[in-house]
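Chains as they are written, first to last, in numbering that gives the first Met the number 0: chain A, 0 to 233; chain B, 0 to 233.
Please note that the accuracy of each hint is not assured.
[Said to hold, decoys possible] Stretch by stretch, here's where chain A covers chain B in the computed footprint (C-beta under 8 angstroms, at least three residues): (1) 11-22; (2) 55-69; (3) 167-177.
Note that these hints are calculated values from the structure, not bench results. Keep in mind the model is a prediction, meaning the values are calculated, not measured. We treat Cβ as the ideally placed atom computed from N, Cα and C, and that holds for glycine.
Number of protein chains: 2
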Amino acid sequence: MEIKVAVAKVGKWATSESGDTLEMIERPHGGISFVLVDGQRSGRSAKAISNLVARKAISLLAEGVRDGAAARAAHDYLFTHKGGKVSATLNILSADLVSNTLVLSRNSHCPTIVLTPGGELVSLDEPSQPVGLRRGTKPQITELPLVSGTVVVIYTDGLETAGARSSRALDIPAAVRELTSRDDTSAQQLADSLLRQALALDDGRPHDDVSVLVLRVLDREGDGVRRMTVQLPI
Amino acid sequence: MEIKVAVAKVGKWATSESGDTLEMIERPHGGISFVLVDGQRSGRSAKAISNLVARKAISLLAEGVRDGAAARAAHDYLFTHKGGKVSATLNILSADLVSNTLVLSRNSHCPTIVLTPGGELVSLDEPSQPVGLRRGTKPQITELPLVSGTVVVIYTDGLETAGARSSRALDIPAAVRELTSRDDTSAQQLADSLLRQALALDDGRPHDDVSVLVLRVLDREGDGVRRMTVQLPI
Chain A
0 MEIKVAVAKV
10 GKWATSESGD
20 TLEMIERPHG
30 GISFVLVDGQ
40 RSGRSAKAIS
50 NLVARKAISL
60 LAEGVRDGAA
70 ARAAHDYLFT
80 HKGGKVSATL
90 NILSADLVSN
100 TLVLSRNSHC
110 PTIVLTPGGE
120 LVSLDEPSQP
130 VGLRRGTKPQ
140 ITELPLVSGT
150 VVVIYTDGLE
160 TAGARSSRAL
170 DIPAAVRELT
180 SRDDTSAQQL
190 ADSLLRQALA
200 LDDGRPHDDV
210 SVLVLRVLDR
220 EGDGVRRMTV
230 QLPI
Chain B
0 MEIKVAVAKV
10 GKWATSESGD
20 TLEMIERPHG
30 GISFVLVDGQ
40 RSGRSAKAIS
50 NLVARKAISL
60 LAEGVRDGAA
70 ARAAHDYLFT
80 HKGGKVSATL
90 NILSADLVSN
100 TLVLSRNSHC
110 PTIVLTPGGE
120 LVSLDEPSQP
130 VGLRRGTKPQ
140 ITELPLVSGT
150 VVVIYTDGLE
160 TAGARSSRAL
170 DIPAAVRELT
180 SRDDTSAQQL
190 ADSLLRQALA
200 LDDGRPHDDV
210 SVLVLRVLDR
220 EGDGVRRMTV
230 QLPI
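Let's have the full structure, built from the sequences with the hints guiding it.
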């Protein structure tokens, strides 16, 4: 099998930097974890917050700490550091090669979209608190078997609030359904297309930071090579 | 401008995991850093070492620690932890958006290949110690202006020792020169092609872990979107 992950990420229009932070880390027992954080507000202050939360989660995951504990610790850290006055959303997506599962940890009002190998589209949307505000905040955790055909889509709220100024909005589950109706849509095409649709609703001037992460599990035998590419506008 | 980075990475034939670790982290003051570590020996023990060194470097870079200090700390940590008995090579490549430079930190016998915007091929090969063995080990640091046309190639020693059993060897500078003679060779094509040439010399059964990282600075105006893709065979 092969896991393909794609991330597309853009900052709010006319701000110097995105308040969203996406980091990736290898799991010491095998596998890989992605951490996506959206800091309160936008610009530099949001970036500082999301960087702090992501850093805490990543450093713990790198030491082999389990996802639920890393999410709790990231919350406790922000809560302690900022006295409960600053919030952030936090998603952790792990491909855990010990348990052979995908572990989805969610502290966000945004749902996580899952397409099962059977073609069912599931929206993981149990009530969930952001980190940083309330003592004892816990993540919503979902564990899925690591089987080919699975697609997971995680995003920050800029994706679902795109177009809000003009009362148009992106129906994300419908967009995912349509984009995955063809078997050969890559993770990158899916992430890019969702971002492009959101940007179009905001007339190319995003009113908030937008980040989209797509993970696909494929059953093809690859060449055994791990690959990563990064594109960074400066 | 735009920075494109590609990594291609494969483990030694018939081992369960690569002893090389590659991690990436966003720099809190702006920019991005890549850390590539090759742990002594191969397989699980090498992986534990490279993971430990990479984790230390990444966690410090994430806190805004400068590259040279992060490399020194990673050395001190391994040296203390393993009593000077275990070594690893360590490369840090940073695109620093505060100083507008590429910072290349090297604790490895493998040179770093740089193609300048003027078309000059430079091999950064000053004598350099791996981390972990000798008290006070320092990195070789090179700082280059962040200008379009620059290409940087970093690799672990599996790339240059490929084919050693059959006394064939890859002339890496010559291969980079040839591959970059066409303007449109992407970072990914360059990384993939170098890895493929090494694998061919080992008849498809790499005798060591091989990792290649290529960074290109391009002057084109992109769409302002940050992108990342990951391909992970499991």
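Results for each hint:
no., hint, in the structure
1, 11-22, "holds (count 5)"
2, 55-69, "holds (count 4)"
3, 167-177, "violated (count 0)"
Violated hints amount to a single one, hint 3; each of the other numbered hints is respected by the structure.
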